[in-house]
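S.K.: Construct all of the structure, not just a fragment, from the sequences and the given hints.
Chain order of the listed sequences is A and B. Just so we're aligned, residue 1 is where the first sequence starts under full-length UniProt numbering, counting upward by one. Just so we're aligned, residue 1 is where the second sequence starts under full-length UniProt numbering, counting upward by one.
Worth flagging that the hints you see were computed from the coordinates, not collected in a lab. Beta carbons: idealized from backbone N, C-alpha and C, even for Gly. Possibly wrong hints are sitting among the right ones.
When the alpha-carbon atoms are kept at most 20 Å apart in a straight line, the in silico SDA-like pairs for lysine to any residue are as follows [said to hold, decoys possible]:
id : chain 1 : residue 1 : chain 2 : residue 2
1  : B       : Lys204    : B       : Ile134
2  : B       : Lys290    : A       : Asp344
3  : A       : Lys348    : B       : Glu233
4  : B       : Lys43     : A       : Arg140
5  : B       : Lys29     : A       : Arg294
6  : A       : Lys303    : A       : Asn327
7  : B       : Lys55     : A       : Thr87
8  : A       : Lys166    : A       : Leu195
9  : A       : Lys348    : B       : Pro25
10 : A       : Lys348    : B       : Val33
11 : A       : Lys348    : B       : Gly282
12 : A       : Lys106    : B       : Ala89
13 : A       : Lys144    : B       : Ala89
14 : B       : Lys29     : A       : Phe293
15 : A       : Lys348    : B       : His235
16 : B       : Lys221    : A       : Thr349
17 : A       : Lys348    : A       : Leu302
18 : A       : Lys348    : B       : Leu279
19 : B       : Lys184    : B       : Met251
20 : A       : Lys144    : A       : Gln131
21 : B       : Lys55     : A       : Ala81
22 : A       : Lys348    : B       : Ala36
23 : A       : Lys348    : B       : Lys29
Distance ranges between label pairs, derived from CB positions [unchecked claim]:
id : chain 1 : residue 1 : chain 2 : residue 2 : range
24 : A       : Met224    : B       : Glu226    : 49 to 57 Å
25 : B       : Pro53     : A       : Lys337    : 44 to 52 Å
26 : A       : Ser76     : B       : Leu3      : 40 to 48 Å
27 : B       : Glu47     : A       : Glu236    : 56 to 64 Å
28 : B       : Lys55     : A       : Arg190    : 47 to 55 Å
Chain A is nowhere near these chain B residues, computed Cβ spacing over 12 Å in every case [what the hints assert, rightly or not]:
id : residue
29 : Leu50
30 : Asp84
31 : Asp97
32 : Arg99
33 : Asp120
34 : Ile126
35 : His162
36 : His164
37 : Met188
38 : Ile237
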Amino acid sequence: MFSLWLRNIAKIQNKTQIGTKCSIINQQVRQLRTLRSVQNEIQVESAEQSLPQEQRIKSHKEIALDFGNREAHVPSFNLAAHVNNSTTLQQFISLGVDLHSIERRKGLGDFVLRLDFEKDVKPYLRFLADQGVAPDDFGRLITKNPLLFKEDLDALQTRMEYLESKRFSVEARQRILTQNPYWLMFSTRRIDRRLGYFQKEFHLSGHDIRLLATKEPRLITYNMDHLRKSVFTLREEMGFSSKELQTLIVHKPRLMMISPDDIIERFSYIHNEMGLSHKQIVQCPELLASREFRLRERHEFLKLLGRAQYDPQKDLYVSPSDMVLGNNFYFVRNVAKSDLQTFDLFLKTR
Amino acid sequence: MALAKVYDAATVFKHLNGIINVYKPAGMKLKHVRNAIIGNIAKGLNEMELREPRKLARDTPLLGTGTAADSVLHNIASNTDLSDHILAAGPRYMPRDVRCATVATLGDHTSGVLLFGINDGLKQSIHIQRNRPIRVYHVTARMGTATENHMPDSRVTVRANHRHVSADRISGLAASLQASHQRKMYEMCGVDLQTQAAYELACKGLIRPADNSQPVLYGIKLIHFERPNFTLELHAINESEQFIAALIHDMAIELRTVAHCSQLRCVRHAHFDVTDSLLRHGWHLPGIVKNLRRQREILEANPQLLEQERIELHAAS
Chain A
1 MFSLWLRNIA KIQNKTQIGT KCSIINQQVR QLRTLRSVQN EIQVESAEQS
51 LPQEQRIKSH KEIALDFGNR EAHVPSFNLA AHVNNSTTLQ QFISLGVDLH
101 SIERRKGLGD FVLRLDFEKD VKPYLRFLAD QGVAPDDFGR LITKNPLLFK
151 EDLDALQTRM EYLESKRFSV EARQRILTQN PYWLMFSTRR IDRRLGYFQK
201 EFHLSGHDIR LLATKEPRLI TYNMDHLRKS VFTLREEMGF SSKELQTLIV
251 HKPRLMMISP DDIIERFSYI HNEMGLSHKQ IVQCPELLAS REFRLRERHE
301 FLKLLGRAQY DPQKDLYVSP SDMVLGNNFY FVRNVAKSDL QTFDLFLKTR
Chain B
1 MALAKVYDAA TVFKHLNGII NVYKPAGMKL KHVRNAIIGN IAKGLNEMEL
51 REPRKLARDT PLLGTGTAAD SVLHNIASNT DLSDHILAAG PRYMPRDVRC
101 ATVATLGDHT SGVLLFGIND GLKQSIHIQR NRPIRVYHVT ARMGTATENH
151 MPDSRVTVRA NHRHVSADRI SGLAASLQAS HQRKMYEMCG VDLQTQAAYE
201 LACKGLIRPA DNSQPVLYGI KLIHFERPNF TLELHAINES EQFIAALIHD
251 MAIELRTVAH CSQLRCVRHA HFDVTDSLLR HGWHLPGIVK NLRRQREILE
301 ANPQLLEQER IELHAAS
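M.R.: Here you go:
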C-alpha cells in the first residue's frame, strides 16, 4: 500500500515536470524512501534519471546520512543490529558472551545495550579476576547473568568477605563463583538464611555444609519452594532416615534439584523393581540421578542375562553404581559382559 | 559410490533429505521423539564446520560517529561483519530449520518403527502415507486383569480366571476374527464373497481403505503363548493404539476372561523393518545420516512404495 502510494507520487512528478518546483514534496518522498529497505533506494535512482549528475551524487550522500539517522531511531530486532556500532558489545563478543541468548530474556537486551565497557563492565571483570575466576569463564558468566553489572561493587566485596568469614577456602570460593553466576546476586543475609536452612534441615556440620555448597553451588540459590518439595519427597515419600538423608545430600546435592515427580518414579523403580534397600541406595546415590528409562533398560538387560545380582554377599555381584556409569558401550562391555549387537536386539524387543 | 568424509555443515544440511526409521520407545510421546531428533540434528550441525561471519561491503559509509571507538573503526577496517557472528546472531542451525513430519502416528504406549520425513523427504513421506502401507504389530496381552483404558498403567477394573484359556482357543478365535474382517472388507466394497467380481477384486491385490478413518485388519495370528501372557501378530491399516487395545479386550471377553495390552510394538511399516530402525542411543547426526542412506536404498529397491498403481481404493462407507 505504502509503496504504491510512493510510486504514484513519483509518477505524478515525472508527468507534470514540476519536480524542481515542489522540492518540498521531493524531499519528503526521499525521506520516506530512506525509511524503507536498500532495494527501494535503487528505485529512487532509477526514478530520478532526469536529474543532472552532481545532483544525483548529492542526493546519494543525503541518503547515506539519512541512513545513519535511521540507525538511531528505527527499533531493532536484536542486539546483532548494534554490534557493529558498539564497543561494549564487541568486547562482549570477544569475551565469548552469547548475545543471542541474552536478548531472548525480557529487558536484558536493553540493559546490555546501555552498558559502557570501560565504566560499567571492566571493574566487575577485575573483581572477578581478583577472586580467581578464570578469564575463559567470563563469557559464560555474563551470558548467564548480565545483571551482575547492576550490583554495587562494595556489596559484592562484602558477599565475598562473608564467604571468607564462613571459612570457605579460596578454591571453594572460586568454584562457587564459576559454577553459579547468580550467587553474587544474593545478599549476605539471604545466603546466610539459606545456608542456615540446609544446616538445620539436615543437621550438617560446618564442614559438610561447606562441602555441599561447594559441590553444587546452584543448590543454595535454587527455588526455595522446589527445595522444600524435594526435601519432603526424599524424607516423607521415600522414607530415608535423617542420617541416610544427610549422606545422600552431601554426596549428591543435585538430587534436590530434580523434579520430585521424576525422582519418586526413579526411586520406586529402584526400590520395588530392582529390589535395592534404602541402605544400598544411599551407598550409590548415582542411581537416583540416572533417568528412569536408562535404569529400566539396563536392569532388564542384566535380568535377561541373569546377571542382575546386586547383593555383595553373593557370587556374580554387579555393583549398582557401576551399572549407571558410562555410556551404553561401556555398560555392555564391562558390566553386562555382552556385546552391543545383543543389547540393540534386546532394546528392539521392548 | 565412493564415500567421502564431510566436515562442512552446509553440505550435510543440503543432503539431509529423505526418510528415517526411528525406534520409538514405549512411554515416550511422539512430539518428544520428534523434538529430540530435530534438536540433535541442529546440535550436530552446529558442532561441524560452519560458515564464517560475512564481510562488510567495502564501500559502506561509516555508520555512527565513531569518535571514541577505535575498535569499531578497526573492526570495520578488517571488514568482518560482527553482527553475523555466531555469538551475536545465534546458532547457525536451529531445530525449527529442520522440517520433520511422521508418516503415520504411533500412540504413547506403542514402541517400534516410526518413520519420519526430513526436509525434502516430507514429499516422500506424504506419498508413502497415501499408499496406505500395512503395519505389522506384535501385541502382548496379559490375561487376568482388565484395566480402565486397556493399558498397563491405568486402574484395574476387573479380575478373572484364565486357566481355561489355551493356545488353541486363542488361535481359533484369531482365525475367525481374521476371516470376519476379510469378509467385512468385501462387503464394504459391495460384492458378495462367492462371486466372480470378488475374485477379480482379490486378484488385483490388497484392498485398501481410501481414507484414514476406517481401521482395517488383514491378519491376526498367535505367535507366542505363555500363561498369563500371549502375543499376537497383527497386520493392519489405519489402526490406532486404542483400536488394538479394544480388540485385545474384546478377544479376551470372547475367551471368557479379561485382558489388557502389556506391550504394543510395531515391527514393520511397509518395507521398513525394525532391524534397520535407529535406537535412542543412535539419535545423533552421524546415525541419522547413516539411517537416511539405508532407507533411501530401501526406497530405491521398492519404488512402488512411492508411486503405486491404484489398487481398488474403495470408499469406506
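S.K.: Hints first: check each against the structure and report whether it holds.
M.R.: Evaluated hints:
1. For the given pair, Lys204 of chain B sits about 16 Å from Ile134 of chain B by alpha-carbon distance, which is consistent with the 20 Å threshold.
2. In summary, the hint linking Lys290 of chain B to Asp344 of chain A is supported, as the alpha carbons are separated by about 16 Å, within the 20 Å threshold.
3. Pair hint Lys348 of chain A plus Glu233 of chain B holds up; C-alpha atoms about 16 Å apart against a cutoff of 20 Å.
4. This hinted pair checks out: Lys43 of chain B and Arg140 of chain A have alpha carbons roughly 18 Å apart, not beyond 20 Å.
5. The straight-line distance between the Cα atoms of Lys29 of chain B and Arg294 of chain A is roughly 17 Å, inside the 20 Å bound, and the hint therefore holds.
6. Restraint check for Lys303 of chain A and Asn327 of chain A: satisfied, since their Cα atoms lie roughly 19 Å apart, inside the 20 Å limit.
7. Taking the CA atoms of Lys55 of chain B and Thr87 of chain A, the gap is about 18 Å. The hint holds against a cut of 20 Å.
8. For a cut-off of 20 Å, the pair hint linking Lys166 of chain A to Leu195 of chain A stands: about 10 Å separates their Cα positions.
9. Between Lys348 of chain A and Pro25 of chain B, the direct Cα distance comes to roughly 9 Å. Compliance with the 20 Å bound is thereby established for this hinted pair.
10. Distance restraint check for Lys348 of chain A and Val33 of chain B: the Cα-Cα separation of roughly 16 Å lies within the 20 Å cut-off, and the hinted pair is therefore satisfied.
11. Straight-line distance between C-alpha atoms of Lys348 of chain A and Gly282 of chain B comes to about 13 Å, which keeps the hinted pair within the 20 Å bound.
12. Between Lys106 of chain A and Ala89 of chain B the CA atoms are separated by roughly 17 Å; this keeps the pair inside 20 Å, and the hint holds.
13. For the proposed pair Lys144 of chain A and Ala89 of chain B, the alpha carbon gap of about 17 Å is at most 20 Å, so the pair holds.
14. A threshold of 20 Å between alpha carbons decides the hint, and for Lys29 of chain B with Phe293 of chain A the separation of about 14 Å falls inside it, so the pair holds.
15. Distance restraint check for Lys348 of chain A and His235 of chain B: the Cα-Cα separation of roughly 19 Å lies within the 20 Å cut-off, and the hinted pair is therefore satisfied.
16. For the hint linking Lys221 of chain B to Thr349 of chain A, the alpha-carbon distance of about 18 Å falls within 20 Å, and the restraint holds.
17. Proximity of Lys348 of chain A to Leu302 of chain A is assessed by CA-CA distance (about 15 Å); at most 20 Å being required, the pair is judged to hold.
18. Taking the CA atoms of Lys348 of chain A and Leu279 of chain B, the gap is near 8 Å; set against the 20 Å cutoff, the hint holds.
19. A threshold of 20 Å between alpha carbons decides the hint, and for Lys184 of chain B with Met251 of chain B the separation of about 18 Å falls inside it, so the pair holds.
20. Distance check on the hinted pair: Lys144 of chain A and Gln131 of chain A sit about 18 Å apart at the alpha-carbon level, within 20 Å; holds.
21. Distance hint between Lys55 of chain B and Ala81 of chain A is fulfilled; the C-alpha atoms sit about 15 Å from each other, no more than 20 Å.
22. This hinted pair checks out: Lys348 of chain A and Ala36 of chain B have alpha carbons roughly 19 Å apart, not beyond 20 Å.
23. A C-alpha spacing of about 17 Å is found between Lys348 of chain A and Lys29 of chain B, which places the hinted pair at or below 20 Å, so the restraint holds.
24. For the pair Met224 of chain A and Glu226 of chain B, the beta carbons lie near 52 Å from each other, so the given range of 49 to 57 Å is met.
25. Under the hint 44 to 52 Å, the C-beta atoms of Pro53 of chain B and Lys337 of chain A, about 50 Å apart, fit the expected range.
26. Here the CB-CB span from Ser76 of chain A to Leu3 of chain B is close to 45 Å, well matched to the stated 40 to 48 Å.
27. Range check, Glu47 of chain B to Glu236 of chain A: about 44 Å between beta-carbon atoms, so the 56 to 64 Å window is missed.
28. Range check, Lys55 of chain B to Arg190 of chain A: Cβ separation about 49 Å, and the 47 to 55 Å hint holds.
29. For Leu50 of chain B, the shortest C-beta to C-beta distance to chain A comes to about 14 Å, beyond the 12 Å cut-off, and the non-interface label holds.
30. Its closest Cβ contact with chain A, about 7 Å, brings Asp84 of chain B to no more than 12 Å, contrary to its assignment away from the interface.
31. Against the 12 Å criterion, Asp97 of chain B stays outside the reach of chain A, whose nearest CB is about 15 Å from its own CB.
32. Annotated as non-interface, Arg99 of chain B keeps its C-beta farther than 12 Å from every C-beta of chain A; the closest such distance is 22 Å.
33. At roughly 28 Å from the closest C-beta of chain A, the C-beta of Asp120 of chain B stays outside 12 Å, upholding its exclusion from the interface.
34. With a least CB separation of 27 Å from chain A, Ile126 of chain B remains clear of the 12 Å interface cut-off, as annotated.
35. Residue placement check: His162 of chain B keeps its beta carbon more than 12 Å from all beta carbons of chain A (closest about 23 Å).
36. Interface exclusion of His164 of chain B from chain A stands, the closest Cβ pair being 29 Å apart, more than 12 Å.
37. Every CB of chain A lies more than 12 Å from the CB of Met188 of chain B, the least distance being 35 Å, so the non-interface label holds.
38. Separation of Ile237 of chain B from chain A is adequate, the least Cβ-Cβ distance of about 23 Å exceeding the 12 Å criterion.
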